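Participant: Numbered by my numbering, the letters in the sequence shown go through residues 14 to 239 in order.
A couple of the hints might just be wrong.
[To be verified] Once the Cα atoms are required to be at most 27 Å apart in a straight line, the calculated BS3-like pairs of lysine-lysine come out as:
(1) 225 x 143
(2) 143 x 76
(3) 157 x 76
(4) 225 x 58
(5) 76 x 225
(6) 76 x 58
(7) 157 x 58
Hints in this document: simulated from the structure, not taken from any laboratory. Nothing here was measured: the structure is a model prediction, and the numbers come from that model.
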Amino acid sequence: MKTFLMLAGAAAAMAATPAMAQDNDDRAGDIQVKVLGTAVLPDGKITDINVNLPGLPATTQTKASDNFVPTLAVEYFLTNNVSIETIAGTTQHDVDAVAGLPAGAELVSDALLLPATVTAKVHFDAGGFKPYLGAGVAYFIWLKDDPGAATLPLGVTETNLSDEFGFALQAGFDLPVNDKGLGLSVDVKRYFIDTTARWFVGNTLAIETEHKLDPWVISAGLAYRF
């Protein structure tokens, strides 16, 4: 996280320099569309257990599964080197126990996430190579979350993951492959965002835990700027 904060600070400092102020704006108003293959790699953990009617061990810990999905990114250039980007796509994960319970015990099944994200990016010219840094806000919306197989014998009838705001840091590069706007793109985001997980037995809240999600999201694919 410290490295990403330093990079974001460097991006902000560069944006404030006279060289950036004299940015060539002949392509201000451009739109760039990216079609990407994306690895979503959660890196979170349980931080608190608020409700624990079944008496789960205090050492209980979980991990969400990785996923690989297609994503679409759309970017609007305010100047030739400053842009606003949003992404479209969903990702699905299971949540399994890794400590305190039998390893691999499934606690949440097929949790479907829409990670709504908007970032501001500063691009740098290095010949044909165009690296960038960015930062922005995210809102994680859970479209679906089912009880995991290991919770059903406990009588669990419903699972709920809370929608939450967070933020994201970003770094990557675009590499033009011709003079008609086509290019290659590599992008890395680190999200910092939490969720509250709740398991119900009928109308009774049986388990409530606080989780850090904090996924790494790594993408690569084609870009077209016009």
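Participant: The structure should be examined with respect to each hint, and the outcome stated for every one.
Facilitator: Going through the hints against the structure:
Using a Cα cut-off of 27 Å, the hinted pair residue 225 and residue 143 is violated, with the two alpha carbons roughly 33 Å apart. Distance restraint check for residue 143 and residue 76: the Cα-Cα separation of roughly 35 Å exceeds the 27 Å cut-off, and the hinted pair is therefore not satisfied. Between residue 157 and residue 76 the alpha-carbon distance is near 18 Å, which keeps this suggested pair within the 27 Å criterion. As the CA atoms of residue 225 and residue 58 are separated by approximately 5 Å, the hinted pair is consistent with the 27 Å bound.
Distance hint between residue 76 and residue 225 is fulfilled; the C-alpha atoms sit about 10 Å from each other, no more than 27 Å. Restraint check for residue 76 and residue 58: satisfied, since their Cα atoms lie roughly 6 Å apart, inside the 27 Å limit. With a C-alpha separation of about 20 Å, the suggested pair residue 157 and residue 58 falls inside the 27 Å cut-off, and the hint holds.
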